[in-house]
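Letter by letter, the chains look like this.
4 protein chains.
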Amino acid sequence: MSEETVATKVVDKMYNNDWFSQWLGIERVLVEPGKSILRMKIRKEMLNGFAIAHGGITYSLADSALAFASNSHGRMAVSIETSISHTQSLREGDEIIAEAEEISCTEKIGVYYITIKKVSGEKVALFKGTVYRTSKNWDV
Amino acid sequence: MSEETVATKVVDKMYNNDWFSQWLGIERVLVEPGKSILRMKIRKEMLNGFAIAHGGITYSLADSALAFASNSHGRMAVSIETSISHTQSLREGDEIIAEAEEISCTEKIGVYYITIKKVSGEKVALFKGTVYRTSKNWDV
Amino acid sequence: MSEETVATKVVDKMYNNDWFSQWLGIERVLVEPGKSILRMKIRKEMLNGFAIAHGGITYSLADSALAFASNSHGRMAVSIETSISHTQSLREGDEIIAEAEEISCTEKIGVYYITIKKVSGEKVALFKGTVYRTSKNWDV
Amino acid sequence: MSEETVATKVVDKMYNNDWFSQWLGIERVLVEPGKSILRMKIRKEMLNGFAIAHGGITYSLADSALAFASNSHGRMAVSIETSISHTQSLREGDEIIAEAEEISCTEKIGVYYITIKKVSGEKVALFKGTVYRTSKNWDV
Chain A
579 MSEETVATKV VDKMYNNDWF SQWLGIERVL VEPGKSILRM KIRKEMLNGF
629 AIAHGGITYS LADSALAFAS NSHGRMAVSI ETSISHTQSL REGDEIIAEA
679 EEISCTEKIG VYYITIKKVS GEKVALFKGT VYRTSKNWDV
Chain B
579 MSEETVATKV VDKMYNNDWF SQWLGIERVL VEPGKSILRM KIRKEMLNGF
629 AIAHGGITYS LADSALAFAS NSHGRMAVSI ETSISHTQSL REGDEIIAEA
679 EEISCTEKIG VYYITIKKVS GEKVALFKGT VYRTSKNWDV
Chain C
579 MSEETVATKV VDKMYNNDWF SQWLGIERVL VEPGKSILRM KIRKEMLNGF
629 AIAHGGITYS LADSALAFAS NSHGRMAVSI ETSISHTQSL REGDEIIAEA
679 EEISCTEKIG VYYITIKKVS GEKVALFKGT VYRTSKNWDV
Chain D
579 MSEETVATKV VDKMYNNDWF SQWLGIERVL VEPGKSILRM KIRKEMLNGF
629 AIAHGGITYS LADSALAFAS NSHGRMAVSI ETSISHTQSL REGDEIIAEA
679 EEISCTEKIG VYYITIKKVS GEKVALFKGT VYRTSKNWDV
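Chains as they are written, first to last, in my numbering: chain A, 579 to 718; chain B, 579 to 718; chain C, 579 to 718; chain D, 579 to 718.
Treat the hints with care, as some may be off.
Copies of the same chain look alike in the list, so a pair counts if it works inside one copy or between any two.
What the hints assert, rightly or not - Pairs of lysine to aspartate or glutamate, DMTMM-like flavour, derived with a Cα cap of 25 Å:
hint	residue 1	residue 2
1	696	672
2	695	677
3	613	581
4	696	582
5	696	670
6	622	581
7	701	685
8	591	670
The hints are simulated quantities; they were obtained by calculation from the structure and are not laboratory data.
Isolated chain A, as found in the complex (with noise of 0.2 Å):
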């Protein structure tokens, strides 16, 4: 199997049981080795007391891609420490994209910068994600 092939076959399965990404309406836009880009829009249950997104809502988006990026090899990772900064606020109706690029990848340990804008290319938040690559791979 080709290593786009395992890509998409992993994010597939992860994506098919993920409630939570499926409630935020997140659409795969590509889907790469080491690599992730996803879209979704801004509803009115995602916004809170000051009439913007939650900042959960940005960091489900950004999480979801690191996880999609980092699993895409076939083997398993999990998110160990994570950051985001919110540079834009969102409004209901807004639609965002999250693009995951891999900066390092070692034995054990990968990173990933994943980058959060509006369609109409505006940074709304910045997100570094850091996983440990457990020894297990995916049965795909």
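Since the structure of chain A is provided, determine the placement of chains B, C and D on it from the hints.
What follows is chains B, C and D alone, placed relative to chain A:
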């Protein structure tokens, strides 16, 4: 108005319009100036493809605890940088508690630790949040 | 050998070859399994262009405290992700203390909070560190 | 004065009084508004007990790059939260380069990524820094 009353009124106002915290089923256990304790239960639609709570769920609970604790002094505060380490997995039905503690609060910047535990006491995630304290007051 | 003896011997071995910690003038106040308290004094060559301690100085003290605390169990541990918030400035002559506390320690991953204070008790920086625990033991 | 001249003059002023950056042997490769590239060499007194560069060394280089890039617009900026992932070890004699890139810069808050590489191109550490932009200007 006492500091305690300000804290309660601000958080009431925040919570009543916070659709996402309500979707999460967040209950307020305690709100005091610079402090908050929240509680919620993991539901099926909060799980990811590993059948454990999506990282965004514990993050969101902690982020709400940060928002309530940091706004409780009556000044509007916005999150600028947060990080979380996930140390234990959560299953459907698990009940968790987030406790926000103010570590530092200067004129412009506040720093908070939020510890997320199971009701049994086991730590499941560790969150650090930094907020920018605006010059605008809550109208309560 | 008792756990306390292992901790002391490992940190002795680490410290005796740690040229940078020695340049910093770090003194060990306490070393126990999963715990360390260190002390140092700000010298002129540690200042930045604002005439306050360079951010790297408090980071370095905290990073040494992390290394000592996380290796004290006798297993080699390496830092994989650390973060620090600087909440107060330090001047030449200030004496500071870093206290490392083990928040979580599983088979592979350890998480530590390190609080840096002036000897007067004022917090000056807050550090969170995550380490990967290798399968290699210290030979002590 | 052009923006480029402001950047150069501010960083000259910062660097000339920055004893610790000078002790580290930091050289400025490039300074532009919102950007900086720095270079240094690992010396024996920068090693820790594993005979590799102490984590505080790469952090310090990145923190200087952050300070120079974020102050280069002429407004005084102070670090409020920084994080670093160490992905490769460094030995005595290794030469490293830190490149600071401005990811977001609003009225009050700036976010920067700093990548630290060996001169051979291998990434050794990834740093994210958030600064608070004061209302005070550099007098240059």
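We went through each hint and held it up to the structure:
1. 696 - 672: Close inside one copy (7 Å), not across copies (34 Å); limit 25 Å.
2. 695 - 677: both (8 Å within a copy, 23 Å between copies)
3. 613 - 581: Classified as within: same-chain Cα gap 12 Å, cross-chain 37 Å, threshold 25 Å.
4. 696 - 582: neither (27 Å within a copy, 30 Å between copies)
5. 696 - 670: Only inside one copy: residue 696 and residue 670 sit 12 Å apart there, 33 Å across copies, limit 25 Å.
6. 622 - 581: Result: close neither inside a copy nor across copies, 39 Å intra and 32 Å inter.
7. 701 - 685: This pair counts as between: shortest inter-copy Cα distance 15 Å, intra-copy 31 Å.
8. 591 - 670: Only across copies: residue 591 and residue 670 sit 19 Å apart there, 30 Å inside one copy, limit 25 Å.
Checked against the numbered hints listed earlier, the structure breaks hints 4, 6; every other hint is satisfied.
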